[in-house]
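Student: Spelled out from the first residue to the last, the chains are:
Number of protein chains: 2
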Amino acid sequence: MALSTANSFSPSLSSKHASKQPELYTWFRSPNAIALKSPPLAPASIELKRNGGFVLGQYKVNCRIYASSAAPMMDQTVSKAPTIVEVDLGQRSYPIYIGSGLLDHPDLLQKHVQGKKVLVVTNNTVAPLYLDKVTDALTRGNPNISVENVILPDGENYKNMDTLMKVFDKAIESRLDRRCTFVALGGGVIGDMCGYAAASYLRGVNFIQIPTTVMAQVDSSVGGKTGINHRLGKNLIGAFYQPQCVLVDTDTLNTLPDRELASGLAEVIKYGLIRDAEFFEWQEQNMHKLMARDPRAFAYAIKRSCENKAEVVSLDEKESGLRATLNLGHTFGHAIETGFGYGQWLHGEAVAAGMVMAVDMSYRLGWIDDSIVKRVHNILQQAKLPTAPPDTMTVEMFKSIMAVDKKVADGLLRLILLKGPLGNCVFTGDYDRKALDDTLHAFCKS
Amino acid sequence: MALSTANSFSPSLSSKHASKQPELYTWFRSPNAIALKSPPLAPASIELKRNGGFVLGQYKVNCRIYASSAAPMMDQTVSKAPTIVEVDLGQRSYPIYIGSGLLDHPDLLQKHVQGKKVLVVTNNTVAPLYLDKVTDALTRGNPNISVENVILPDGENYKNMDTLMKVFDKAIESRLDRRCTFVALGGGVIGDMCGYAAASYLRGVNFIQIPTTVMAQVDSSVGGKTGINHRLGKNLIGAFYQPQCVLVDTDTLNTLPDRELASGLAEVIKYGLIRDAEFFEWQEQNMHKLMARDPRAFAYAIKRSCENKAEVVSLDEKESGLRATLNLGHTFGHAIETGFGYGQWLHGEAVAAGMVMAVDMSYRLGWIDDSIVKRVHNILQQAKLPTAPPDTMTVEMFKSIMAVDKKVADGLLRLILLKGPLGNCVFTGDYDRKALDDTLHAFCKS
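Line order of the protein sequences matches chains V and P. For what it's worth, full-length UniProt numbering labels the leading residue of the first sequence as 1, then goes sequentially. For what it's worth, full-length UniProt numbering labels the leading residue of the second sequence as 1, then goes sequentially.
You may find that some hints are simply not true.
As the list claims (entries may be wrong) - Below, in silico cross-link-like pairs of lysine-lysine (DSSO-like), each with a Cα-Cα straight-line distance of 30 Å or less: (1) V/318 with P/399; (2) V/116 with P/399; (3) V/170 with P/318; (4) V/166 with P/116; (5) P/170 with V/111; (6) V/318 with P/170; (7) V/318 with P/111; (8) V/166 with P/166; (9) P/116 with V/116; (10) P/318 with V/116; (11) V/133 with V/166; (12) P/318 with V/434; (13) V/399 with P/399; (14) V/318 with P/166; (15) P/116 with V/170; (16) P/399 with V/166; (17) V/170 with P/111; (18) V/399 with P/116; (19) V/318 with P/116; (20) V/399 with P/170.
Everything labelled a hint here was simulated from the structure, so no lab data went into it. Since the model is a prediction, treat every value here as computed from it, not as a measurement.
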């Protein structure tokens, strides 16, 4: 099959953190370099700043990213003051607040509420745990605000149009107008549905993300991808729509089931693999702390994940190239979720198996050496995540579902594959079809 | 009730065409002025050009509009070459092509198709008339293009989520990817639904509008408002999403029923009332030609309507103020459509009755003199449009439905009302509630 190089995208990503001990005013001048600048008076807070232009495919992207960073965990103390990671999208820029106990600081939330009416969208698992707390944070000292809520059933299998309509019903019955604010309180499913509802209600109202799972805190709440599933494929209906802010209260992880926690770690591992080798190495050394829910380790993992996500989204909001690399393992993973049945596996579980398949294919293509394959297996096993798809998945199921993936362009399936040393990947349709076939057959019984 | 002047918006619109016989290089220097410039070699084509800034509320809008214009009908000849009205929205700018027989020029359509797959969204009334013609225009001399279609039931009562899902089903089953193009072939309902489907499918694909009704050609296909109805209100779910182009083949009006034709004239009349007194006067003199389907009169009415719409949309795409003025009569009208039952009255019929109510209220407020009231009645009667709501509408129905209108802000209903000489309006929540009550009681039996 003739393949066009026009479908190949190789951003030549290098590991962005060149030093474990950032030095004051150290500047890196390569196209992907980031200037690390540590204000002398705040040694635990380091400003990541990227200036200048970056050529992405045919487009020149002007970018400017401000994100607080930190030295690795061992040098850090946990603070109640929020860490702020800024997603730089011009007029649509917004902060991600990360910290312990943030829901006890109403000011942080209230300054992003527009209008007098708020609709909290949550589910029947999260509502008993945090709805009262969030309602209090929205209204304390602010009696003019009225808060409505809609409690949806929990789970990926409810991320559909029928459930979405319940949000619209509630908003209209509550007579919410264009100056209202929607608040997503929950994991990735709630964030995606509430965001899409906010994008569509009255052709767009403000919204705020309060993610309560690792998955949502490190990935899905950041970057404005919203949407719902179709019975034939994941996230096929939706919108790019940015929130006013993302508020990550790390205390909410205290109530998260182990399986949900591990699911989120799949996305944390992904950032290391696609663009941040040093972060991957940190994870290899600290996965036992994450699995033991060490709050300092989690604060660091969330922050560094959000920095990676914010940087990529700022460079390529609408996924014309670079942003697609955040979907390592997701094309295989979405096929598992759709084929095996929404909600059977958690999103991160499917992504973990999908990453193993993408890594296997990269190795078959001769693009990575076998040490990376082993390290990926090892870290996923440490995180108690699957390293193969469910037995019921067949080669034909993968092929037919992957054919409707959003990354198909003019009939050609483009994939994110690793290429080169750890921390480097490509988004491309320019690969040998046999490698894909071999990978599918290696992981499926039929 | 205390009213805030912050909710008042008065753009001080003046009649934009200062001369019936445009002179070469005549410039008007007021903030609302438009420079009329006629190229010497093309006397039937005049370029409307607006340069510089325009202060809209708190925002400074930089605008640049190019639109071809023409002398009034009596001086004009009908040409096969399309008139082009440009909607200037920066990177999202697009042309409106207007002319007779444009569907016989495949190049015009094909140059706006992106990717190899097209989905034509139409209804069971329009499909037998124009689907083959449009499919031919899309594929003639271009064998790489594959065209799918989805034929929806006709009518406002099908403008809902269930019908929208049929578009997604067809798109996914046809394996359309992000490089596909959706084509809306039909009236306002089809355009709104197809546009919203295009905005949401894979988080956004390209689309083209081919409006086949007066309503769609003069109003709904231009400006990127897309959406569906909710049982509790019109257009409450949707997106601002611009097409790649709008192609108005005026020959499609040959098959339009009289009632549909009259419905579209309500929007034509609206432009005259809110911002173009000279156009209103032209309509008073030429309504008999429009009712007799004089093609030259229609070509002019469509073009001048599109110029008005394009100019307003270019200045205020997301309806932060000025654009709301295009909704004269629509808040009352939407209440009629929702309360009386979607599809019972055509949109323009409801808007016509709504305009009479808005004009009545403006007169009660002392903002216009009675000559305007009479002229509005007269022109609507000439166009065989209603001048009062259906008998079954009650004051309470109006009030409860209007409470969920998109123009409500923090509980305050803002309306478009006429104020001053013909061609001037305001968008405001700063009016005496008694006038609204009096108008509702004057037009409802209970």
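Student: Evaluate each hint against the coordinates.
Tutor: Evaluation of the provided hints:
1. V/318 with P/399: violated (41 Å)
2. V/116 with P/399: holds (21 Å)
3. V/170 with P/318: holds (24 Å)
4. V/166 with P/116: violated (37 Å)
5. P/170 with V/111: Violated, because 43 Å separates the two Cα atoms, which is more than 30 Å.
6. V/318 with P/170: holds (24 Å)
7. V/318 with P/111: The given pair, whose Cα atoms are some 23 Å apart, holds under the 30 Å limit.
8. V/166 with P/166: holds (20 Å)
9. P/116 with V/116: Outside the cut-off at roughly 47 Å; violated.
10. P/318 with V/116: holds (21 Å)
11. V/133 with V/166: holds (23 Å)
12. P/318 with V/434: It is violated: about 49 Å lies between the C-alpha atoms, which goes past 30 Å.
13. V/399 with P/399: Status violated; Cα separation ~54 Å.
14. V/318 with P/166: holds (26 Å)
15. P/116 with V/170: Status violated; Cα separation ~40 Å.
16. P/399 with V/166: With Cα atoms ~24 Å apart, residue 399 of chain P and residue 166 of chain V stay inside 30 Å; holds.
17. V/170 with P/111: Between residue 170 of chain V and residue 111 of chain P the Cα gap is close to 43 Å, so the pair fails against 30 Å, i.e. violated.
18. V/399 with P/116: holds (21 Å)
19. V/318 with P/116: It holds: about 21 Å lies between the C-alpha atoms, which stays within 30 Å.
20. V/399 with P/170: holds (19 Å)
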